[in-house]
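J.: Chains as they are written, first to last, in this note's numbering: chain V, 1 to 423; chain A, 424 to 846.
These are calculated hints, taken from the structure and not from any lab test. Accuracy of the hints is not assured; some may be wrong.
Taking lysine-lysine pairs in the DSSO-like style, the calculated list, with each CA pair at most 27 angstroms apart, reads [what the hints assert, rightly or not]: (1) V:Lys35 / A:Lys458; (2) V:Lys21 / V:Lys346; (3) A:Lys444 / A:Lys458; (4) A:Lys637 / A:Lys769; (5) A:Lys637 / V:Lys241; (6) V:Lys35 / V:Lys21.
2 protein chains.
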Amino acid sequence: MTGRPQVVIVGAGFGGLATAKALAEAAVDVIVVDKRNHHTFQPLLYQVATAGLGVDDICYATRGVFHRQRNARAMQGQVVDVDFQQQLVHLADGAPVPYDHLVLALGAVTADYGVPGVGEHGFGLKNADEARTIRTHVLRRFEAADRTDDPQIAAAATTVVIAGGGPTGVEMAGGFAELFHRVLRRDFAELNLNQARVVLVEGQDRLLAPFSPKLSNKARKRLERMGVEVLLNTQVASATKSSVELDDGSSIPADTLVWAAGVRAHPLADRLGLETTRGGRVVVDDQLRVPNQPSVFVIGDLAATPSTEGDIVPQVAPGAIQGGRHAAEVIIAELHGATTKPFRYKDKGSMATIGRNAAVVQLPSGITVSGFAGWAAWLALHLVMLIGFRNRANVLVNWAWNYLTYDRGSRLIIEPDPVCLDR
Amino acid sequence: MTGRPQVVIVGAGFGGLATAKALAEAAVDVIVVDKRNHHTFQPLLYQVATAGLGVDDICYATRGVFHRQRNARAMQGQVVDVDFQQQLVHLADGAPVPYDHLVLALGAVTADYGVPGVGEHGFGLKNADEARTIRTHVLRRFEAADRTDDPQIAAAATTVVIAGGGPTGVEMAGGFAELFHRVLRRDFAELNLNQARVVLVEGQDRLLAPFSPKLSNKARKRLERMGVEVLLNTQVASATKSSVELDDGSSIPADTLVWAAGVRAHPLADRLGLETTRGGRVVVDDQLRVPNQPSVFVIGDLAATPSTEGDIVPQVAPGAIQGGRHAAEVIIAELHGATTKPFRYKDKGSMATIGRNAAVVQLPSGITVSGFAGWAAWLALHLVMLIGFRNRANVLVNWAWNYLTYDRGSRLIIEPDPVCLDR
């Protein structure tokens, strides 16, 4: 206790960390609370799921982020409740944490929209453990295909259906196509991989809805050239352990369904009784505060942040980072009795990588970049964004290796071992 | 089916892979069966457990090992039985695998010798998942210590007891001492780490029994300088969730017990009804064959391989590699109706790293190396031994980073997340 105002930030994603960093010079104490002890670099989760990177390559211990920031520290804790009256954050385990300013930055979780079977059989991709789970499952199914004499079992075991043709779905489809055709074809030389399928299912009439139709078209063509089956105007109707039923009545025998078709705001917002709107996102004013709760900010994917176009800010990393910086600005201004301008979201454009030498980039000016140039831009941006030199160097080594050899070094099935002293 | 004799190797450790590689030019088909889909570089498991390396850095997909070896392939499968009459290997899942020659190279598992509580509360260190489990557990206990106001809970949460002062125990103790004092001290600035303890418990009167007493003494002194408490002539009598009882009647409040005090041969040997001796190791003749089973070889930690000194070969990587090469030689000789000389184990010496700039090396000639020179030798050997350029480059990047910054990039708690679509 220093007597300085205490800022508690819940969530160590892009938004939470940006808030904490923007408060580095302020006369406040900052505590970042997260259920996990690490930041997850979500844009590269698809690489872990498709065996290109290891889990440790895209995670970074949150406490390490603040070794050089004296007024901030991290703690691992699951927030179960907030007492807005007493200004206390309650954790599942341990003493409550008092706050003067609270920044909720919990992000989004996978939403299955109640589609039957998706909750039990679909795989989400919102954290490192889920990414590793997908990788493990797909590799195990390939091993099972290799052990069976039944061609129908083998076909389902080597088929991946991806629901949702947004950036995540496109990146997953491209990643799996490369994994299947470049790497697993060599790993499983005796397996008939002609029946191995990567199917991308999108409800709208084009992929990558936030991009220009030209780029959507390029992405689809490129994916198809890589062997991905792209089904537009189609939705997943239900799923079982070994099949995916579509809304046109057809069925795909597939042991793997990756659900990239929707997210919703973290459910804590509902539990706290905050007013929410579309996708469970919390209503905030133009200073990113909860109405009538001047000490509580909500930022990033959790917030229904008003954008200047009258819409709400999209759930992307730049939105969270800008929101975090703005919340910090408001807190600093208050310390000096000053005021701040309303939050203004600046569109940074969108990018999605499709595969080797191919990405699509949509700049806010309307300029589009694709192919190798887009891919190079994607690569450079993601390396720069990755927190911490160490991870960056590792990722570079892995990517260089994968690029030069068409190999995927992380195709490892790591699971608990019942024989030894495990628990 | 090529009509060529089929060699089935069970286990993708050092012994199994050495056997397969030594058969690369032989007119046989080789199948390597392992419960996991990857080779684990066991000498570096302690680095994963102490947050220096990621799991993916020390594992290598077995199928990838044979991309360039045409006569060999890998498959994932758990061997549950062998029909020596029909020459069939039965798997938990899938069709049985017929063999003409069988090489059993299943290695060793942790043995708790029935010490009460060790089975439930002790952590073994024989595979990557166990190493990650130790890392996760220790980091979670530090987070718990940070959340509690009870100094006794905090003391137990930040204390690690390591049972067994062999190379694994010494390496774990040194790794934890560095993690605690160099890294976690900065991560947990508000925690009183003076009560955090690393205790190494050894039943004999010196550490590193296979080394010269001079090196044993050096290792002990170095560990003590690093803050490790070394208890000689002491054994763990029992363990609970939060304490370790010693045979002198004293008790250490500790939430973590790492069990490096013993291994035994893989239990499959017993299940197959093979004759075993000390530590469950299978009796083999001087050609590494099971007596009266000329088509069945047992190598590595699983075998009680006779050594020229009348003793049995120690359970170390060079023993397994040499055994594997010998078994391959015998198989090749048989193809040509030739015979081979009896197996002769060549002692390659022993090394154990203690920490930054410190390792002990015992050469068979009696020459010993320690300190920085020993450490440099250890580093070079392990980099050369690591299979695959990619892993080697990653490991080098991680080590260079750790060395230069005293950081440990892998101190990540990765665990299943109950909120999303996990299972």
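J.: Each hint needs a verdict: does it hold in this structure or not?
T.: Quick rundown of the hints versus the structure:
no. : hint                : result
1   : V:Lys35 / A:Lys458  : violated (33 angstroms)
2   : V:Lys21 / V:Lys346  : holds (19 angstroms)
3   : A:Lys444 / A:Lys458 : holds (19 angstroms)
4   : A:Lys637 / A:Lys769 : holds (23 angstroms)
5   : A:Lys637 / V:Lys241 : violated (61 angstroms)
6   : V:Lys35 / V:Lys21   : holds (19 angstroms)
Of the hints listed earlier, those the structure fails to meet are numbers 1 and 5, in rising order.
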